[in-house]
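In case it helps, this note's numbering puts the sequence shown at residues 14 to 88.
Please keep in mind that the hints were generated in silico from the structure rather than gathered at the bench.
By construction, the Cβ of each residue, glycine as well, lies at the ideal position given by its N, Cα and C atoms.
Heads up, a few of these hints could be off.
As the list claims (entries may be wrong) - What follows is a list of derived Cβ distance ranges for each label pair:
no.: 1; residue 1: 47; residue 2: 73; range: 17 to 27 angstroms
no.: 2; residue 1: 51; residue 2: 22; range: 27 to 37 angstroms
no.: 3; residue 1: 42; residue 2: 82; range: 16 to 26 angstroms
no.: 4; residue 1: 30; residue 2: 73; range: 15 to 25 angstroms
no.: 5; residue 1: 55; residue 2: 77; range: 15 to 25 angstroms
no.: 6; residue 1: 81; residue 2: 55; range: 15 to 25 angstroms
no.: 7; residue 1: 15; residue 2: 86; range: 11 to 21 angstroms
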Amino acid sequence: MHRYANRSGDSGVVAYGLGPGWITVEFAEGHVYLYDQGKPGAAAVGEMQRLAQAGRGLSSYISRAVRQNYAKRLR
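My request is simple: use the sequences and hints to build the entire structure.
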């Protein structure tokens, strides 16, 4: 997992991991979720990967566009 840069200073995301077609996101409360090509889909995962690497907008994007549409809760 990579530490999320949190350039806005108020993100609920603390870390992320990524690979071809998937991303895992760890939130401040400790929960970790897997998002992949099946859920929420390749376009959303691509955008989440871009935002994660930029360090800005990931939590907002998940809240606005992805919501509970994750592949699996890992923790």
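For a quick check of understanding: which of the numbered hints are violated here, in increasing order? The structure conflicts with no hint, since it agrees with every one listed earlier.
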